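These protein sequence lines map, in sequence, to chains A and B. Residues 1 to 165 (my numbering) are what the first sequence spells out, left to right. Residues 1 to 170 (my numbering) are what the second sequence spells out, left to right.
Treat the hints as calculated values from the structure; they're not laboratory data. For clarity, every value in this text was computed on a predicted model and none was experimentally measured. All C-beta atoms in this analysis are idealised placements derived from N, C-alpha and C, irrespective of residue type, glycine included. Some hints here could point you the wrong way.
[Stated by the list, open to error] To give a feel for the contact side, a few chain A residues facing chain B, derived at Cβ under 10 Å: (1) Ile73; (2) His101; (3) Leu152; (4) Ala153.
[Claimed, not checked] Listed next, the stretches of chain B that the computed footprint assigns to chain A, with coverage defined by at least 3 CB atoms under 8 Å from CB atoms of chain A: (5) 48-62; (6) 144-154.
[Unchecked claim] Covered stretches of chain A (chain B as the covering partner; in silico rule of three or more C-beta atoms under 8 Å from a C-beta of chain B): (7) 48-57; (8) 61-70; (9) 134-143; (10) 155-161.
Here's the letter readout for the chains.
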Amino acid sequence: MGPGIRRGLIGAAAGAIIALAAASGVSAHWHAQQRLDLESVSTGDLLIDAAWRDGPPAWSPLLPGASTPDTVIRVSSSSAGTTLRWRLRVVGAVSAPAQQHVTFSAWRGVCGTGTPIPAGGTAALPVDAVVDVCIRYTLSPSAPATLQNTDLAPRVTLIAEQVVS
Amino acid sequence: MSAARRGRSGDRRWIAGVALAALLSTLLPAAAHSSWSYSPPPLTASLRTAQIPTPASFSCRPSGGLLGIGSTADFSWAALPTGTAWRYQVWIRDPGAGTDVPVSAAGQTGTSISIGTGLLTGLLGSILDLLLGGGQAYVRVVAVHPSGWTSAATPEIPIRRASLLGGVTC
Chain A
1 MGPGIRRGLI GAAAGAIIAL AAASGVSAHW HAQQRLDLES VSTGDLLIDA AWRDGPPAWS
61 PLLPGASTPD TVIRVSSSSA GTTLRWRLRV VGAVSAPAQQ HVTFSAWRGV CGTGTPIPAG
121 GTAALPVDAV VDVCIRYTLS PSAPATLQNT DLAPRVTLIA EQVVS
Chain B
1 MSAARRGRSG DRRWIAGVAL AALLSTLLPA AAHSSWSYSP PPLTASLRTA QIPTPASFSC
61 RPSGGLLGIG STADFSWAAL PTGTAWRYQV WIRDPGAGTD VPVSAAGQTG TSISIGTGLL
121 TGLLGSILDL LLGGGQAYVR VVAVHPSGWT SAATPEIPIR RASLLGGVTC
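From just these sequences and the hints, can you work out the full model?
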């Protein structure tokens, strides 16, 4: 083996050592090792349950300009995930003929004085949050008379969305 | 291939590469922000719009007048539930002439009205002519919500001339 080849091999070996050192972290230190038995690991879970807090509402028929009484929906999270944060969106709908004349409002807490829940949802909530949502349906004062005695078929959809930031 | 053509071909590949990178860069943030969501079955309830109630107990009672002179047909009905500024509109219909007119366009808040020749002379001359000619007109009431929504009408009650000397009765 000539000196040139030897130098080449030494250089390659040195390069490999440097590369390995870089790959394992240039700041690596000697340390003691502790064996940890791995418990089961699973992905998280995003689940909520929603129910009328005081039982199904018995709302009186709405006249123009009138609102339903304050009604509370309790939303309970049964999610799992150590770092999970989520937001709550609340969507109220009514039957098609009345859509343009009925407004839906939702607050976190007390109707009117609680925190309004915007279309984009609440602020981030912890994994095990329980949220009381107060809702109101209001019939516009200018609703047409053709809407008299119309079934509004109200439907409240609650959506939990994972907050990723 | 000339050097110039090779250069143009290289430029095109470079531009295509940049465009592809730009496209991928727009997709990456969306992927980074993908998240889970969950929605339980919607909550439902029963809710209707109101139906304006028809005034109940609509009735007429003839009142006073010697030999019919000055007599009136006194109508009354039950008030709708308080808490709303209900108005009541009284209509008089002459089926022969096809006339159907409100006693007052704005309606009234009270739950009674007396219809006599004085009222008809002032407001509904053609109806008065009908009654004086021996014909009948028909009176009904509708309730009016401040929004303008109206109820169905009460059943009609006929009115006629009280006597040859005048007056109105029912």
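Counting residues of the stretch 48-57 of chain A with a beta carbon closer than 8 Å to any beta carbon of chain B, are there 3 or more?
-> holds (count 7)
Can Leu152 of chain A be said to touch chain B, with a Cβ gap under 10 Å?
-> 5 Å, holds
Do three or more residues from the stretch 134-143 of chain A put their C-beta atoms closer than 8 Å to C-beta atoms of chain B?
-> This one holds; 5 residues, not fewer than the three required, reach chain B with a Cβ under 8 Å.
Chain B contact restraint on Ile73 of chain A - CB to CB distance below 10 Å = The hint holds - Ile73 of chain A has a Cβ within 10 Å of chain B, the shortest such distance being about 6 Å.
For the stretch 61-70 of chain A, does the count of residues with a C-beta closer than 8 Å to a C-beta of chain B reach 3?
-> holds (count 7)
Test coverage of the stretch 155-161 of chain A by chain B using CB-CB distances below 8 Å; three residues minimum.
-> holds (count 7)
Residue hint His101 of chain A, partner chain B, criterion CB-CB below 10 Å | 9 Å, holds
Chain A over the stretch 144-154 of chain B, status - at least 3 residues with CB closer than 8 Å = Our answer is that it holds, as 6 residues pass the Cβ test (under 8 Å) against chain A, meeting three.
Count the residues of the stretch 48-62 of chain B with a beta-carbon closer than 8 Å to any beta-carbon of chain A: does the count reach three?
-> With 5 residues closer than 8 Å to chain A, the stretch 48-62 of chain B meets the three-residue bar; holds.
Using 10 Å as the Cβ threshold, decide whether Ala153 of chain A counts as touching chain B.
-> 7 Å, holds
Going through the hint list in order, the structure satisfies each hint without exception.
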